[in-house]
Amino acid sequence: MEQDEWTDAAPLDDQGAVPHGRDMRICFFGDSFVNGTADPDCLGWVGRICAEQRRQGHDLTCYNLGVRRDTSADVRARWRAEALGRLPEGLDGRLVFSFGVNDCSLEGGGPRLARSLTLEHATSILANAATWKPTLFVGPPPVADMATNRHIEGLSDAFSALCARLDVPYLDMMTPLSRSNVWMREVAAGDGAHPGAAGYAEFARAVSGWAGWRRWF
Numbered sequence: 001m002e003q004d005e006w007t008d009a010a011p012l013d014d015q016g017a018v019p020h021g022r023d024m025r026i027c028f029f030g031d032s033f034v035n036g037t038a039d040p041d042c043l044g045w046v047g048r049i050c051a052e053q054r055r056q057g058h059d060l061t062c063y064n065l066g067v068r069r070d071t072s073a074d075v076r077a078r079w080r081a082e083a084l085g086r087l088p089e090g091l092d093g094r095l096v097f098s099f100g101v102n103d104c105s106l107e108g109g110g111p112r113l114a115r116s117l118t119l120e121h122a123t124s125i126l127a128n129a130a131t132w133k134p135t136l137f138v139g140p141p142p143v144a145d146m147a148t149n150r151h152i153e154g155l156s157d158a159f160s161a162l163c164a165r166l167d168v169p170y171l172d173m174m175t176p177l178s179r180s181n182v183w184m185r186e187v188a189a190g191d192g193a194h195p196g197a198a199g200y201a202e203f204a205r206a207v208s209g210w211a212g213w214r215r216w217f
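Residues 1 to 217 (our numbering) are what the sequence shown spells out, left to right.
Calculated directly from the structure, the hints in this document are not laboratory data.
Quick caveat: nothing in here was measured; it's all calculated off a predicted structure.
Every clue listed holds true.
In silico SDA-like links for lysine to any residue, alpha-carbon gap of 25 Å or less:
| # | residue 1 | residue 2 |
| --- | --- | --- |
| 1 | K133 | A73 |
| 2 | K133 | Q56 |
| 3 | K133 | E82 |
| 4 | K133 | R54 |
| 5 | K133 | T61 |
| 6 | K133 | R165 |
| 7 | K133 | L84 |
| 8 | K133 | H121 |
| 9 | K133 | W210 |
| 10 | K133 | A158 |
| 11 | K133 | A211 |
| 12 | K133 | L119 |
| 13 | K133 | T123 |
| 14 | K133 | P88 |
| 15 | K133 | G90 |
| 16 | K133 | S208 |
| 17 | K133 | E89 |
| 18 | K133 | D74 |
| 19 | K133 | R25 |
| 20 | K133 | S160 |
| 21 | K133 | G66 |
| 22 | K133 | R78 |
| 23 | K133 | G85 |
| 24 | K133 | R86 |
| 25 | K133 | L166 |
| 26 | K133 | Y63 |
Okay, the calculated beta carbon distance ranges per label pair:
| # | residue 1 | residue 2 | range |
| --- | --- | --- | --- |
| 27 | L91 | S178 | 34 to 44 Å |
| 28 | T131 | R214 | 18 to 28 Å |
| 29 | R165 | C42 | 34 to 44 Å |
| 30 | D41 | R69 | 14 to 24 Å |
| 31 | R215 | D157 | 21 to 31 Å |
| 32 | G190 | P88 | 32 to 42 Å |
| 33 | A147 | P40 | 26 to 36 Å |
| 34 | R22 | E107 | 41 to 51 Å |
| 35 | A147 | A211 | 25 to 35 Å |
| 36 | G57 | R150 | 38 to 48 Å |
| 37 | R22 | M146 | 42 to 52 Å |
| 38 | E82 | A188 | 25 to 35 Å |
| 39 | G108 | T61 | 37 to 47 Å |
| 40 | R68 | S178 | 15 to 25 Å |
Ideal placement from N, C-alpha and C gives every residue a C-beta, glycine not left out.
All chains, please: the whole structure from these sequences, using the hints.
Now the structure itself:
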């Protein structure tokens, strides 16, 4: 597995937080759920959690780098160059990844990517990212199709184990959102995958309350 020597991390306190008022820049990499596809407010969960921190007085720049239909392979191919262009040396840069639903989407009788390949890509992404900048991983959410959800659930469990091994904070989104009437209702009423504004607000609330995210602030 390749490793990159990136050592320009910003000073942190014991909890990984940056002093209040310091300029922080976060790149969010992933798929259409990161992008906020189908949200009429064009915020998604990423825009909502960053807006909340801005309201609390944090000097935060948010780069939404979610691309529709991207799999883990696509994110692996592009994240490094895109991050380097936005997080130059000397700035306090952070990385958040969230992908997996497209890997599990059923095409031709099976998932688009075998789980072993997804985990190979995720390992490369997270191992390299975490040696460079503070890194978080937000798990894939459920969709309307139950067969796809079984693959997503298994992948989410595997992501959790991988992140524990790599010491990268991981947030399971499959469990809380599969129990959310708002999320599941909006997904079913839409294209079968993406919710509207209320569904993304549910997603955002889960991330905003997560210790891994809050520790940064």
